[in-house]
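Student: Read off the chains here:
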Amino acid sequence: MKAIFKRELNAYFDSPLGYVFVAVYYLFAGYFFFRYNLYAGSADMRDVFSMLFTVTVFLIPILTMRLMSEDRKTKTDQLLLMAPVTAAAIVLGKFFAAAVVYLTAMAITLVSGCVLSLYAAPEWAVILGHFIGLFLVGCTLIAVGMLISAFTENQIIAAVGGFCVGFFLILLDALGSLVSNSALAALLTDMSFETRYSHFTLGTFDLSDLVFFLSMTALFLYFTILAFEKRRLD
Amino acid sequence: MIEIRDLHKSYGAKQALRGVSFAVEKGEVVGLLGLNGAGKSTTMNILTGCLCATSGTVLIDGVDIAKDPLAAKRRIGYLPEVPPLYVDMQVSAYLQFVWELKGLRGGAAERRKQLAAVAEKTGTAAVQKRLIRNLSKGYRQRVGLAAALLGDPEILILDEPTVGLDPTQIIEIRDLIAHLGEQHTVILSSHILSEVAAVCGRVVVIDKGVVVADGAPAALEASLQDNSSRVAVIAGTPQQVKAALEGLPELVSVTPLRQTEPGVWEYALQGAAGSDLRRPLFAALAAAQLPLLGARGAQVSLEDVFLQLVAPEQGRGAPPEKNTATGGEAQ
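Taken in order, these protein sequences are the chains called L and Z. Residue 50 in our numbering sits at position 48 of the first sequence; the count goes up by one each step and never skips. Residue 1198 in our numbering sits at position 198 of the second sequence; the count goes up by one each step and never skips.
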């Protein structure tokens, strides 16, 4: 797993992809920080994070589009299949590499927080709550994107597919309000990433939200492992 | 060392393998021969654990690859048809990644030593710092081979290792494989017969998912060699020769091919299947006082063997002209 993690992390920065992802994230984070904190003269970072939530949904598929599909296209998956490693180790290695790149990008918000604390007293509980929440949402979206990427050889399809599925999961609560059956509506709302994420934004820490995101991530990673293993069968 | 038992593989409705079985002993160099789509790559992918068989077993050194894939894979170095290279990496970085991926033990010093040894063996030492994307096909093949050799696996499986290379590269890779065959058990696939004949001590011919022949290249040739057809150079006109040979019960046909010198003709003689023409031919010509200046067998080459094996409906009792032609080239 370590070997794959290292290779994938290097691959992000051997190609422009990793730099572009981090740079675009910094651009948005910087702009929102300027707009909602510096320009508005506020120490409240909630708006920054809520905007970054949308940015994350758009950007994560770019991070994950090549993770599985490229190996399939260039036939390098054969190297992984013939190596004495399990499919789980392969998928997890790739997942952690993407998660680290994402964390690198997200870390800019902590820098913004530090800058704020030079001039005011920001609520660190809220900032950290947002930060952890956004990281968990990102990890789940990475797992979703990886699964889509495992289904195709085409990176564009992987990106668009990852974006659509991610967006669908985020907007489940909007769907919930359209459903008349109350039990189903409640289920959809509870499954919505947006609803779950909003709990973090209040600066409260609910174990069920943590479990929700971790188990969703694990579920999609498990599906990805199955999709990768399936290649041995056909 | 390697034991394959009754391997079946279906891709949907298409049956790629229909009961392939053979065993490879330690130290053997075995050539897997077959036309494109015969099932060579499928067999190799199953052998190396890249693909699951529909049914059947593969034992690598007694370890079932389906039950304990990790242990079995550690014993194998595999070079697939398309070398699985990360083209954005430098050769040295790629080989180091493969080293780590294979979970090879040993400190940095040991790793450097092994990487250097493999680079030397495969002739990739000069390109270590180059990006794989900028390498020629021959060098990519070598890098793939270097990756397969890392960790010094006992078994090497090479899928069409010389395909797409230029003639000098083919000879170099072939020499390298012959050299590797001294220390490793090697299975290589090819549809090029000369390659298999040059490198392998044993040939397994696969056609339409079944093993149709298994043996040493020379033995395979011998099994199809027959003495029923000859090309003879006789000092006598076609009429004289026909008259002299008319009474021979073994002879089916006499065809004059060409006049080689004044009064001397070359004839294609076809005998009954399974007969030996040589002695009766000599005796009959001697009796008619027509000097037999030369005779050669219509020798079968490995190529003929192969064509007969993979196309039995047309191949059996191949037309004499074909055998004659090949025999002419062979001598």
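It is worth saying that the hints were derived from the structure and are not from the lab. Any given hint might turn out to be false.
[As the list claims (entries may be wrong)] Straight line, CA to CA, 27 Å or less: simulated DSS-like cross-link-like pairs of lysine-lysine: (1) K8(L) x K77(L); (2) K1014(Z) x K1026(Z); (3) K77(L) x K4(L); (4) K77(L) x K1242(Z); (5) K232(L) x K1121(Z); (6) K1129(Z) x K77(L); (7) K4(L) x K1026(Z); (8) K1014(Z) x K1067(Z); (9) K8(L) x K1113(Z); (10) K8(L) x K1208(Z); (11) K1129(Z) x K8(L); (12) K4(L) x K1067(Z); (13) K75(L) x K232(L); (14) K1137(Z) x K77(L); (15) K1137(Z) x K1113(Z); (16) K75(L) x K1113(Z); (17) K1121(Z) x K1026(Z); (18) K1242(Z) x K75(L); (19) K1067(Z) x K232(L); (20) K1014(Z) x K4(L); (21) K75(L) x K1026(Z); (22) K1208(Z) x K1014(Z); (23) K75(L) x K4(L); (24) K232(L) x K1137(Z); (25) K1067(Z) x K77(L); (26) K232(L) x K77(L); (27) K232(L) x K1129(Z); (28) K75(L) x K8(L).
[To be verified] Some chain Z residues near chain L, calculated using beta-carbon distances under 7 Å: (29) P1080; (30) P1084; (31) R1140; (32) W1265.
C-beta: ideal position from N, C-alpha, C; glycine also.
Student: Evaluate each hint against the coordinates.
Tutor: Checked hints:
1. K8(L) x K77(L): Given that 27 Å is the threshold and the Cα spacing comes to 19 Å, the pair holds.
2. K1014(Z) x K1026(Z): 33 Å, violated
3. K77(L) x K4(L): 21 Å, holds
4. K77(L) x K1242(Z): 64 Å, violated
5. K232(L) x K1121(Z): At roughly 36 Å apart (the allowed maximum being 27 Å), K1121(Z) and K232(L) break the hint.
6. K1129(Z) x K77(L): Measuring from Cα to Cα gives roughly 23 Å; hence the hint holds.
7. K4(L) x K1026(Z): With a Cα-Cα distance of about 33 Å, the restraint between K4(L) and K1026(Z) is violated, given a limit of 27 Å.
8. K1014(Z) x K1067(Z): 26 Å, holds
9. K8(L) x K1113(Z): Judged against 27 Å, a Cα distance of about 22 Å means the pair holds.
10. K8(L) x K1208(Z): Violated, because 42 Å separates the two Cα atoms, which is more than 27 Å.
11. K1129(Z) x K8(L): Judged against 27 Å, a Cα distance of about 19 Å means the pair holds.
12. K4(L) x K1067(Z): Between K4(L) and K1067(Z) the Cα gap is close to 24 Å, so the pair holds against 27 Å.
13. K75(L) x K232(L): Between K75(L) and K232(L) the Cα gap is close to 16 Å, so the pair holds against 27 Å.
14. K1137(Z) x K77(L): 16 Å, holds
15. K1137(Z) x K1113(Z): 26 Å, holds
16. K75(L) x K1113(Z): Violated, at roughly 33 Å.
17. K1121(Z) x K1026(Z): 21 Å, holds
18. K1242(Z) x K75(L): Violated. K1242(Z) to K75(L) sits at ~66 Å, over the 27 Å cutoff.
19. K1067(Z) x K232(L): Since the Cα atoms of K1067(Z) and K232(L) sit roughly 17 Å apart, the hinted pair holds (cutoff 27 Å).
20. K1014(Z) x K4(L): 39 Å, violated
21. K75(L) x K1026(Z): 35 Å, violated
22. K1208(Z) x K1014(Z): OK: K1208(Z) and K1014(Z) at ~11 Å, within 27 Å.
23. K75(L) x K4(L): This hinted pair holds, its Cα atoms lying about 23 Å apart.
24. K232(L) x K1137(Z): 30 Å, violated
25. K1067(Z) x K77(L): Holds, at about 25 Å.
26. K232(L) x K77(L): Distance ~15 Å between K232(L) and K77(L) Cα, so the pair holds.
27. K232(L) x K1129(Z): 36 Å, violated
28. K75(L) x K8(L): With Cα atoms ~21 Å apart, K75(L) and K8(L) stay inside 27 Å; holds.
29. P1080: 5 Å, holds
30. P1084: 4 Å, holds
31. R1140: Violated - the Cβ of R1140(Z) stays beyond 7 Å from chain L, reaching only about 12 Å at its closest.
32. W1265: Violated, about 58 Å.
Checked against the numbered hints given earlier, the structure breaks hints 2, 4, 5, 7, 10, 16, 18, 20, 21, 24, 27, 31, 32 and satisfies all the rest.
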